[in-house]
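Engineer: From first to last, the protein sequence lines are chains E and D. Plus 1456 on top of the position in the first sequence (first one is 1) and you've got my numbering. Plus 1456 on top of the position in the second sequence (first one is 1) and you've got my numbering.
Check before you lean on any hint, since a few could be wrong.
Said to hold, decoys possible - Mimicking BS3-like on lysine-lysine, the simulated pairs with C-alpha atoms at most 30 Å apart in a straight line are:
(1) E:K1763 with E:K1465
(2) D:K1572 with E:K1572
(3) E:K1727 with D:K1572
(4) E:K1722 with E:K1631
(5) D:K1722 with E:K1722
As the list claims (entries may be wrong) - Non-contacting residues of chain E with respect to chain D, defined by C-beta distances greater than 12 Å in every case (computed):
(6) R1469
(7) A1545
(8) R1584
(9) E1626
(10) D1656
(11) T1714
(12) W1721
(13) G1728
Hints listed in this document are in silico derivations from the structure and should not be mistaken for laboratory results. Every residue gets a Cβ at the ideal spot worked out from N, C-alpha and C, and that includes glycine.
Spelled out from the first residue to the last, the chains are:
2 protein chains.
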Amino acid sequence: MSLDTAAVKPIERLASTLAGDMAQVNEMIRDRMASEHAPRIPEITAHLVEAGGKRLRPMLTLASARLCGYSGGIDHIRLAATVEFIHTATLLHDDVVDESDRRRGRPTANLLWDNKSSVLVGDYLFARSFQLMVETGSLRVLDILSNASATIAEGEVLQLTTAQNLSTNEETYLKVIRGKTAALFSAATEVGGVIAGSSDDHVLALRDYGDALGIAFQMADDLLDYAGDSAAIGKNAGDDFRERKLTLPAIKAIAAATTEERAFWKRVIEKGDQRDGDLEEAQALMARHGAFESGRNDANRWSAQAKAALGPLPAGDIHDMLGDLADYVVARIN
Amino acid sequence: MSLDTAAVKPIERLASTLAGDMAQVNEMIRDRMASEHAPRIPEITAHLVEAGGKRLRPMLTLASARLCGYSGGIDHIRLAATVEFIHTATLLHDDVVDESDRRRGRPTANLLWDNKSSVLVGDYLFARSFQLMVETGSLRVLDILSNASATIAEGEVLQLTTAQNLSTNEETYLKVIRGKTAALFSAATEVGGVIAGSSDDHVLALRDYGDALGIAFQMADDLLDYAGDSAAIGKNAGDDFRERKLTLPAIKAIAAATTEERAFWKRVIEKGDQRDGDLEEAQALMARHGAFESGRNDANRWSAQAKAALGPLPAGDIHDMLGDLADYVVARIN
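Isolated chain E (complex conformation):
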């Protein structure tokens, strides 16, 4: 599946509209990564932050704040940097947990340095993000972000305990991806509205938008991990299979498995006995049971739900771009 170039536009349009704000976010990130005592910290975070991530999450905060008419302060910059720090910290810890060797097409920090540094620098970034949000002086923002942090951590642990467990169902899967992706997306959009002093229904709309967008985004990512090729997604296709993680297409294929197929899943996922050709066999079983098509429909439904959530929010350029963004996150699988 190749990237649809027309569909790339919403992210580029957002980046261009928010360019001035994003430059300030980047400056704040560089500034707060600095550590007088421990030079390894900026080294590692620069490796990640400069690796050309799309900065989607901080952009969501900036866009939400601007959409709600925020002006005159730098709290939106602080919160966008906060969100990127939390994201980067979870990436560092994830790579330790997943024993990954590639992220965004480059070697991961745990491979270049060591697991120890990834754990501790992740902790440092969490602490820095915490300082930044305290600087906004908004207890409501702190409440939202502390709850999101707990949901993220709980989702990660849940994912760990459901890996290799063939009885994982779609309900559990939804909890896992809410934790690993949607919780930060929805906190990112919600705090943008809060800091702009928006009405409760606008704040709620932003939260629902972020939640549905995050779910659609992660579902598409998980489908691509089985259906995509490495070059297009910047990580190794089949990672989830090798790590015996049960994501959407696998859960659907297992639910529809024959007795013989079930024995296959038991061997490769539960027992972890994986041989040459097993990934291809898993993909064939998914295709046979319509798991890709059904997963694509689910992701598209969440994308539509994200667009619908924007309804009550002020019309205009940013509103349009956020709507197009909801299409964009699933364009990779359509």
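Following the hints, position chain D against chain E.
Structural biologist: Frame of chain E; chain D shown alone:
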């Protein structure tokens, strides 16, 4: 060195005086450890929290709040639980980083479960602590604890980068132990004063007390790692040596080393080429250069400074116990 039974009393007296509060803290800890979705979380934290730790840090918060006349609310309980969660989270991450196999005389969580769980459950406890402090609604408390979190994380990274580095001096060592121990001690006492609505000079006195107490405590711990025996300290003596960490007695012995001794340190610390009898040789070199005696003097000075810091605070039982506690933390080495 055996525990001086007379000197144990201040901790027991504090525990007895604060028994009602501590029971509430324990209940809150159990309550907040619970996770609907991820049963492994309470399993791991219970392993640590129930392992018979002294609960020194939450007791410092409770004692400080009560000393300053706090009454009528549960914010001191929330903050004591916060502090214990932060401490437990750092222990979980430390054990991954240090590759330890024993903690408080029991196998560490990373050995019983796996490193992944230790990383993620640590993150979960950080998030839970963050939620608890937000519930106090005090931005000043959040400011203190966010700064402490950054100092802790920075100290841990600094420790990692100074390990195996023979040029580590006492100034760097002080930064490391402020991060790994004193920052949480001083935040624990400071927030107790803040939540009680104390005057600035009382809050400052509590902060200085916690800082000096933490430094004295960690110096004593580091001296015991070379001078103590495993049974008395509940961890493996010589851990720091095996992990090639430069702590106070080693730094002092290296600063006074002859050319021949320097070659020894280079081999065992820089190169990590450690053989049978090397730990004993290191201990002999420390004794020869008076490193233990000098280290003991340093720790005793910080202990005295902690007692002195209590000066401006209200007289009474708790004041006395905190003063005695400053003696107690160095009693193990005197």
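Engineer: Confirm or reject each hint.
Structural biologist: Here is how each hint holds up against the structure:
| no. | hint | result |
| --- | --- | --- |
| 1 | E:K1763 with E:K1465 | holds (16 Å) |
| 2 | D:K1572 with E:K1572 | holds (12 Å) |
| 3 | E:K1727 with D:K1572 | holds (19 Å) |
| 4 | E:K1722 with E:K1631 | holds (23 Å) |
| 5 | D:K1722 with E:K1722 | violated (52 Å) |
| 6 | R1469 | holds (34 Å) |
| 7 | A1545 | violated (8 Å) |
| 8 | R1584 | violated (6 Å) |
| 9 | E1626 | holds (15 Å) |
| 10 | D1656 | holds (19 Å) |
| 11 | T1714 | holds (31 Å) |
| 12 | W1721 | holds (22 Å) |
| 13 | G1728 | holds (14 Å) |
Against the hints set out earlier in the document, violations occur for numbers 5, 7 and 8.
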